[in-house]
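Asker: Sequence:
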Amino acid sequence: MLLKKRGHACLLASSMASLILLIMVLYGAIGSQQPGSSSLRRDYQLLGRPLYRLDLSWPKNPELFSGDVFAVAVNQYSGVLYVAQRGNNVPKVLVFTTDGDFLMSWNTTTLEMPHGIFLADASSSNPTVWITDVGNGPYGHCIKQYSPSGKLLQVLGTPGKAGSGLNPLQFDQPAEIFVHDSGEMYIVDGDGGLNNRLIKLSKDKEVLWIHAEKGQGLAQFYLPHSVTVDNAQRVWVADKGNKRIQVFNSVTGDWLGTWGSCFNEDAPSSVRMTPDKKYLIVVQLNTNQISVLDAPPVGLIGQCRVVSVIQLADEMKPHLVDLDLKTGALYVAEVGAQQAQKFTPFSLGGSLL
Numbered sequence: 001m002l003l004k005k006r007g008h009a010c011l012l013a014s015s016m017a018s019l020i021l022l023i024m025v026l027y028g029a030i031g032s033q034q035p036g037s038s039s040l041r042r043d044y045q046l047l048g049r050p051l052y053r054l055d056l057s058w059p060k061n062p063e064l065f066s067g068d069v070f071a072v073a074v075n076q077y078s079g080v081l082y083v084a085q086r087g088n089n090v091p092k093v094l095v096f097t098t099d100g101d102f103l104m105s106w107n108t109t110t111l112e113m114p115h116g117i118f119l120a121d122a123s124s125s126n127p128t129v130w131i132t133d134v135g136n137g138p139y140g141h142c143i144k145q146y147s148p149s150g151k152l153l154q155v156l157g158t159p160g161k162a163g164s165g166l167n168p169l170q171f172d173q174p175a176e177i178f179v180h181d182s183g184e185m186y187i188v189d190g191d192g193g194l195n196n197r198l199i200k201l202s203k204d205k206e207v208l209w210i211h212a213e214k215g216q217g218l219a220q221f222y223l224p225h226s227v228t229v230d231n232a233q234r235v236w237v238a239d240k241g242n243k244r245i246q247v248f249n250s251v252t253g254d255w256l257g258t259w260g261s262c263f264n265e266d267a268p269s270s271v272r273m274t275p276d277k278k279y280l281i282v283v284q285l286n287t288n289q290i291s292v293l294d295a296p297p298v299g300l301i302g303q304c305r306v307v308s309v310i311q312l313a314d315e316m317k318p319h320l321v322d323l324d325l326k327t328g329a330l331y332v333a334e335v336g337a338q339q340a341q342k343f344t345p346f347s348l349g350g351s352l353l
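So the sequence shown is numbered by the UniProt record's numbering: it starts at 1 and just counts up by one.
It should be emphasised that the hints constitute simulated quantities derived from the structure, not laboratory data.
It is possible that some hints are incorrect.
EDC-like, lysine to aspartate or glutamate: derived pairs with alpha carbons at most 16 Å apart [stated by the list, open to error]:
| # | residue 1 | residue 2 |
| --- | --- | --- |
| 1 | Lys326 | Glu184 |
| 2 | Lys205 | Glu184 |
| 3 | Lys151 | Glu112 |
| 4 | Lys277 | Glu213 |
For clarity, every value in this text was computed on a predicted model and none was experimentally measured.
Build the full structure now, drawing on both the sequences and the hints.
Answerer: So this is what it looks like as structure tokens:
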């Protein structure tokens, strides 16, 4: 009788353990998904100091991503995010709120192959969207300005004609544009075409200074891919083909320094600065990494130092990023996963605000 009772007890314990395990599995599966988010890939690891975490609730309709997602741009004042994507018969731009609600899409024929995207005059009542177009068709090799609803306002470059001219302006697969609050523009021109240039334009679109030599030397480029400007008159350029970041004086164009030691395994493809100006966010596409680097103080460039890494799953292929300057949220365009993702800064122990 005692053995029989022990047998029942063991059976009951085994059944309870199996039930608990089943509940844990189900809970984990449910807890890792959000309504409508089953099509998003969410695998990632945090290395070093944990500064960001994935927002599992963004966006609310991920199935709307229908092409290869190349770029993102956020308007922190209106809480709106623009996502540029490529593909046949897909809208080239999707517009979401920073809370994840879908607002609209652009189905413009004037945009062939978007590469970079930037929000200008975000604090004004008339913000505009600048998009670099690397297409080879009749509208390609240009940089275009659109209204928030997708109306074409202005074109820089010679539509459909790749070139290196400055008067009139010509581009060949322009990678990215950064528009300063002053209206001055910084353009990296050369995502695999004729040019390897960093150009600064005045508010009136006149060339103020330029670096246009291909090579590995100082102030030379090979596939310049991304550009950003900080509040200390420094221009940061992801010199992708040379696996380095180069830094210039934004007023004079003088070379200030180079960071290369952080990019032995893979090249930087995107560079942005956090709202508090303490960190640079740098993307490495082939190793699927988003690195957080210490930004040097004014008057010093020094050597790069990685303080944190978001290691994405294989084949995610992060391409370009943007930051919400109000909340510190990081948005990532992922070509391989065909999606955009939102990461928010930890409120404790690593705030980027």
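Asker: Each hint should be assessed against the structure and marked as holding or not.
Answerer: Here is how each hint holds up against the structure:
Pair hint Lys326 plus Glu184 does not hold up; C-alpha atoms about 22 Å apart against a cutoff of 16 Å. Proximity of Lys205 to Glu184 is assessed by CA-CA distance (about 8 Å); at most 16 Å being required, the pair is judged to hold. Taken as a hint, the Lys151 and Glu112 pair is honoured in the structure, with Cα atoms around 15 Å apart against an allowance of 16 Å. The hinted pair formed by Lys277 and Glu213 fails the criterion: a straight-line CA distance of about 30 Å is larger than 16 Å.
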